[in-house]
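**Q** Now for the letters of each chain:
There are 2 protein chains.
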Amino acid sequence: MSRQGQKQNKITLLDVAKHANVSRATASLVVRKSPLVGAETRLRVEAAMHELGYVYNMGAARLRADRSHTIGVVVPNLTNPFFAELLGGMEASVDAAGLVMIIANSGDGPPRQATVLQRLREHGVDGIILCPAAGTTEELASQVERWKLPLVQALRHVTDELDYAGADYVAGIEEAVEYLVSLGHRTICFAVHGPIHSAYQERVQGFRDSMRRFGLQPELVIRVPDHLDQIAQQADALFAQGSAPTAVICFNDLVAHGLAAGFYDRGLKIGRDISLIGFDDVADAEAMRPRLTSVSTAPSEIGQKAAALLLDRIAQPTLAPRRWIIPTKLHIRNSCGPLSSS
Amino acid sequence: MSRQGQKQNKITLLDVAKHANVSRATASLVVRKSPLVGAETRLRVEAAMHELGYVYNMGAARLRADRSHTIGVVVPNLTNPFFAELLGGMEASVDAAGLVMIIANSGDGPPRQATVLQRLREHGVDGIILCPAAGTTEELASQVERWKLPLVQALRHVTDELDYAGADYVAGIEEAVEYLVSLGHRTICFAVHGPIHSAYQERVQGFRDSMRRFGLQPELVIRVPDHLDQIAQQADALFAQGSAPTAVICFNDLVAHGLAAGFYDRGLKIGRDISLIGFDDVADAEAMRPRLTSVSTAPSEIGQKAAALLLDRIAQPTLAPRRWIIPTKLHIRNSCGPLSSS
Chain A
1 MSRQGQKQNK
11 ITLLDVAKHA
21 NVSRATASLV
31 VRKSPLVGAE
41 TRLRVEAAMH
51 ELGYVYNMGA
61 ARLRADRSHT
71 IGVVVPNLTN
81 PFFAELLGGM
91 EASVDAAGLV
101 MIIANSGDGP
111 PRQATVLQRL
121 REHGVDGIIL
131 CPAAGTTEEL
141 ASQVERWKLP
151 LVQALRHVTD
161 ELDYAGADYV
171 AGIEEAVEYL
181 VSLGHRTICF
191 AVHGPIHSAY
201 QERVQGFRDS
211 MRRFGLQPEL
221 VIRVPDHLDQ
231 IAQQADALFA
241 QGSAPTAVIC
251 FNDLVAHGLA
261 AGFYDRGLKI
271 GRDISLIGFD
281 DVADAEAMRP
291 RLTSVSTAPS
301 EIGQKAAALL
311 LDRIAQPTLA
321 PRRWIIPTKL
331 HIRNSCGPLS
341 SS
Chain B
1 MSRQGQKQNK
11 ITLLDVAKHA
21 NVSRATASLV
31 VRKSPLVGAE
41 TRLRVEAAMH
51 ELGYVYNMGA
61 ARLRADRSHT
71 IGVVVPNLTN
81 PFFAELLGGM
91 EASVDAAGLV
101 MIIANSGDGP
111 PRQATVLQRL
121 REHGVDGIIL
131 CPAAGTTEEL
141 ASQVERWKLP
151 LVQALRHVTD
161 ELDYAGADYV
171 AGIEEAVEYL
181 VSLGHRTICF
191 AVHGPIHSAY
201 QERVQGFRDS
211 MRRFGLQPEL
221 VIRVPDHLDQ
231 IAQQADALFA
241 QGSAPTAVIC
251 FNDLVAHGLA
261 AGFYDRGLKI
271 GRDISLIGFD
281 DVADAEAMRP
291 RLTSVSTAPS
301 EIGQKAAALL
311 LDRIAQPTLA
321 PRRWIIPTKL
331 HIRNSCGPLS
341 SS
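Chains A and B are the protein sequences, given in the same order. Using full-length UniProt numbering, read the first sequence as starting at 1 and increasing by one per residue. Using full-length UniProt numbering, read the second sequence as starting at 1 and increasing by one per residue.
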């Protein structure tokens with residue numbers, strides 16, 4: 001261990017405070033450059049720090065149970081533009097609070113998620129926003145309790161014992177079904193992909209329940225590949241089972257983007273030969289031609305709310321768990337048409 | 001300060017080693033679960049750790065100048081799918097080396113970049129892959145030297161004194177111009193956006209040089225908005241100056257995606273009325289209709305190479321700086337046609 005390293009371990013902020021004849025709290029304010037400390041006191045504390053060779057240091061600070069002013073965010077992937085918009089919203093709120101955000105990718109699997117959570121914890125983040133990987137169990141709550149680590153679930157939830165920010169996926173899918181039914185569609189497909197988690201189940205259940213409510217067949221839930229460039233090639237799968245759908249609701253805008261390419265290849269005109277609805281309403285929806293009708297889940301707003309929940313949780317660790325469910329809204333553009341014109 | 005916190009500060013690995021009557025190096029191997037230590041020694045060291053209440057802890061480990069097995073990656077934004085592919089490539093290599101990657105966003109501005117670099121440093125990352133924010137100066141090299149922090153530049157470079165992994169942007173744009181000229185195009189526009197940095201300058205310079213080499217006007221470099229949904233609305237800007245281009249090379253695939261929507265709105269058929277070439281060849285290029293011809297910069301491969309450079313740099317800090325320039329390749333699909341058919 002270097003000489004400086006030893007000093008860092010040995011000289012505590014309390015030593016500095018005693019030497020400067022102030023409270024530890026005041027010394028801490030000086031170290032953190034708070035404007036609440038008068039110039040004379042600041043100079044005295046800084047002189048004491050210099051004299052004793054005290055080095056303010058994030059690693060040491062964490063060992064003293066101070067805060068690192070860093071938030072960890074764990075997402076299951078980064079290839080869906082949805083996550084870029086979600087992270088943008090979080091970052092705006094985290095920034096405004098004077099904190100820095102660092103991001104880790106769980107690859108949507110619990111083993112890797114365990115590794116990145118452990119690593120973020122070791123690095124002393126003040127709290128974590130987690131979109132739980134598929135397969136995460138409610139055991140997460142007791143683990144977080146043991147760690148005494150503020151943690152907020154975003155987009156997906158595995159336990160009621162931790163804060164959660166997400167969208168009202170069920171209402172979103174209901175509004176999409178209702179809109180298509182109002183246009184005369186009866187054979188509607190839900191094109192899904194990716195691993196199974198709460199947001200997946202809520203959407204599929206919401207689809208089936210709404211279809212039944214209208215007396216329609218709720219069976220057309222069809223899986224497509226995960227990657228954008230492969231979805232187009234699999235568009236035929238939608239027409240392989242029973243009666244061909246005249247309208248397709250997509251699990252997200254990425255699926256809609258891929259299927260739109262597949263429909264183009266089949267010579268189907270979107271909005272005339274087939275109706276298409278996306279989910280999430282990311283920027284790509286507005287840039288598609290025809291423009292994509294999509295269920296807005298306001299990813300940027302979910303990000304902001306998740307950050308707000310976490311900042312509250314850090315400030316007041318004993319708050320009862322809260323849920324913040326953002327209402328969804330069907331953003332109608334040009335990708336759906338009445339059945340009669342099909 | 002909690003009682004446990006005090007213990008963590010007070011009990012060092014050296015104390016454990018003395019108590020177990022082994023060297024500090026041996027105790028360190030036990031802590032890191034090395035297979036090089038015999039079972040009897042391991043048990044003795046573990047008993048000493050238990051007895052003294054020693055807690056192995058990343059923060060403390062860093063103060064002892066051990067490694068955190070974490071790599072920091074700083075990118076200028078996350079909204080371009082290019083960065084998701086780049087990060088995917090890095091993660092594969094970083095993972096394979098048994099390390100974890102954490103990501104921070106500089107917002108493409110030096111002040112914020114300084115904050116996130118400082119924070120990653122404080123958290124004790126073993127090294128950093130940085131896509132330097134626009135406006136970063138070559139001063140970066142001496143800063144990194146002072147920090148003794150292994151750092152690799154990716155995609156953009158501001159100094160020759162640090163490692164760099166990027167693509168041969170100049171050759172990429174040359175191949176695109178050459179291809180369009182071979183199809184008979186003479187009035188070619190380069191549609192650019194975003195802040196100015198080395199990768200921007202290399203592309204613009206490459207475009208102007210190639211156009212001049214063919215005796216063509218190199219002036220049609222036109223700026224479009226940053227965000228996907230706004231690019232389409234600004235497609236008219238391409239036709240506002242002098243003679244209307246018959247072909248457009250885009251700064252990246254995001255610009256191509258937005259312009260394709262704008263051309264659709266003007267009733268222009270891509271590949272017939274206007275030729276369009278993207279840059280980067282992300283997954284979206286294959287999913288566009290018509291499929292987008294694009295200059296592949298192999299983002300996933302750049303990510304892998306940047307990670308490899310960093311792992312080498314961590315292992316051998318005194319290596320001379322290296323540059324790894326990935327060759328580009330024009331991926332010809334269906335978005336360009338001969339001029340005669342216009």
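There's no promise every hint is true.
Okay, the calculated beta carbon distance ranges per label pair [said to hold, decoys possible]:
#1 A:GLN233 / B:ALA315: 20 to 30 angstroms
#2 B:GLY98 / A:LYS148: 39 to 49 angstroms
#3 B:THR318 / A:ILE325: 24 to 34 angstroms
#4 A:ASP265 / B:ARG186: 41 to 51 angstroms
#5 B:ASP160 / A:ARG323: 33 to 43 angstroms
#6 A:ARG323 / B:GLN205: 29 to 39 angstroms
#7 A:PHE239 / B:GLU138: 51 to 61 angstroms
#8 A:HIS331 / B:ARG266: 45 to 55 angstroms
#9 B:ASP95 / A:ALA96: 28 to 38 angstroms
Pairs of lysine to any residue residues, derived as SDA-like cross-links and limited to a Cα-Cα distance of at most 20 angstroms, are as follows [stated by the list, open to error]:
#10 A:LYS329 / A:THR115
#11 B:LYS269 / A:LEU268
#12 A:LYS269 / A:PRO338
#13 B:LYS329 / B:ASP312
#14 A:LYS269 / B:GLU51
#15 A:LYS269 / B:PHE263
#16 A:LYS148 / A:THR115
#17 B:LYS269 / A:PHE263
#18 B:LYS269 / B:GLU301
#19 A:LYS269 / B:GLN205
#20 B:LYS269 / A:VAL181
#21 B:LYS269 / A:PRO290
#22 A:LYS269 / B:ARG266
#23 A:LYS329 / A:LEU268
#24 A:LYS269 / A:THR318
#25 B:LYS269 / A:TYR264
#26 B:LYS269 / A:ARG289
#27 A:LYS148 / A:ASP236
#28 A:LYS269 / B:GLU301
#29 B:LYS269 / B:ARG291
#30 A:LYS269 / B:GLY53
#31 A:LYS269 / A:ASP168
#32 A:LYS18 / A:LEU43
#33 A:LYS148 / A:PHE263
#34 B:LYS269 / A:PRO338
#35 A:LYS269 / B:ASP265
#36 B:LYS18 / B:HIS69
#37 A:LYS329 / A:ASP229
#38 B:LYS269 / A:GLY184
#39 A:LYS148 / A:ALA308
#40 B:LYS329 / A:LYS329
Hints in this document: simulated from the structure, not taken from any laboratory. Computed from a predicted model, the values in this text were never measured in an experiment. All residues carry an ideal CB built from backbone N, CA and C; glycine is no exception.
**Q** Hints broken by the structure, by number, lowest first?
**A** As far as the earlier hints go, 1, 2, 3, 4, 5, 6, 8, 10, 13, 14, 18, 19, 20, 23, 24, 27, 28, 30, 31, 33, 34, 36, 37, 38 and 40 are violated by this structure, in ascending order.
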